[in-house]
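Number of protein chains: 2
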Amino acid sequence: MEWFEQLRWGEDGLVAAVAQDARTGRVLTVAWMNREALKATVEKGEAVYWSRSRKRLWRKGEESGHVQKVLEVRLDCDADALLIKVEQVGGIACHTGRESCFFRKLDDGRWVSTDPVLKDPKLIYGEK
Amino acid sequence: MEWFEQLRWGEDGLVAAVAQDARTGRVLTVAWMNREALKATVEKGEAVYWSRSRKRLWRKGEESGHVQKVLEVRLDCDADALLIKVEQVGGIACHTGRESCFFRKLDDGRWVSTDPVLKDPKLIYGEK
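Sequences listed follow chains A and Z, in order.
For the first sequence, the residue numbers in the numbering used here are 3 to 130.
For the second sequence, the residue numbers in the numbering used here are 3 to 130.
Simulated from the structure, these hints should not be mistaken for laboratory data.
Please note that a few of the clues may not be correct.
If several chains are the same, the list does not tell them apart, and a pair holds so long as it fits within one copy or across any two.
In silico DSSO-like links for lysine-lysine, alpha-carbon gap of 27 Å or less [as the list claims (entries may be wrong)]:
# : residue 1 : residue 2
1 : K41       : K124
2 : K41       : K107
3 : K46       : K57
4 : K121      : K41
Just so we're clear, the structure is a prediction, and the values are computed from it rather than from any experiment.
Build out the structure end to end from the sequences listed, making use of the hints.
Here it is as structure tokens:
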């Protein structure tokens, strides 16, 4: 697995991973991968991240069904960030029910939500 | 500057910042911003990052002239990553002379360079 060791893993064992919708070109999510997550992503062909908050592997879509099917994995010049081109199942990447997690735009000194909620999170995750 | 404090700055005082070419849709770079870098980026309308290796502010293009003019700043749902849509001056974001830093693609267990060098780095930076 020489390709695997060419990455410059951070002191925390992580690299940043950007997911981009291969069809729309939209940047959907920025998340983190450790070695295990990247290995699982490549083997499974679906995005698996390391959740820094939950401190465990996070199979994207494990609850929501909004899996990211990986079409392409790219590495940047200093080998510490990944770009994965994905097919976003359901067209929803964000836990708020929006296409992209980057749904807020800086507008005249405030963050303005610009994107519609495509599906009520309660319908995605159930009442909590 | 309430918008500024809404970010969830990491323990190291940084957030990840993804630059995307507004015209081509290509993800160009993943870099880091601290408070000062973000402030400078918004004030100047050009990407300013925090260089983790050099431990100083890094005005993107300061040496190469390949400035990233900022058209839009977006924030993700958990407020710890930025997406900036940019006009990439010169059409070259990478220090290797390529459009994007993500010029390598994982192909059958190895990283394959898929993108052409648009300009010889020696012509960008001078002989070193």
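So, going through the hints one by one against the coordinates:
1. Neither within a single protomer nor between protomers do K41 and K124 lie at most 27 Å apart by alpha-carbon distance, with minima of 32 Å and 36 Å respectively.
2. In this homomeric assembly, K41 and K107 come within 27 Å of each other (Cα to Cα) only across copies, at 15 Å, whereas the closest approach inside a single copy is 34 Å.
3. For the homomeric pair K46 and K57, the shortest alpha-carbon distance inside one copy (21 Å) is at most 27 Å, but the shortest distance between copies (37 Å) is not.
4. Taking identical chains as interchangeable, the C-alpha atoms of K121 and K41 are never at most 27 Å apart, the minima being 31 Å within one chain and 34 Å between chains.
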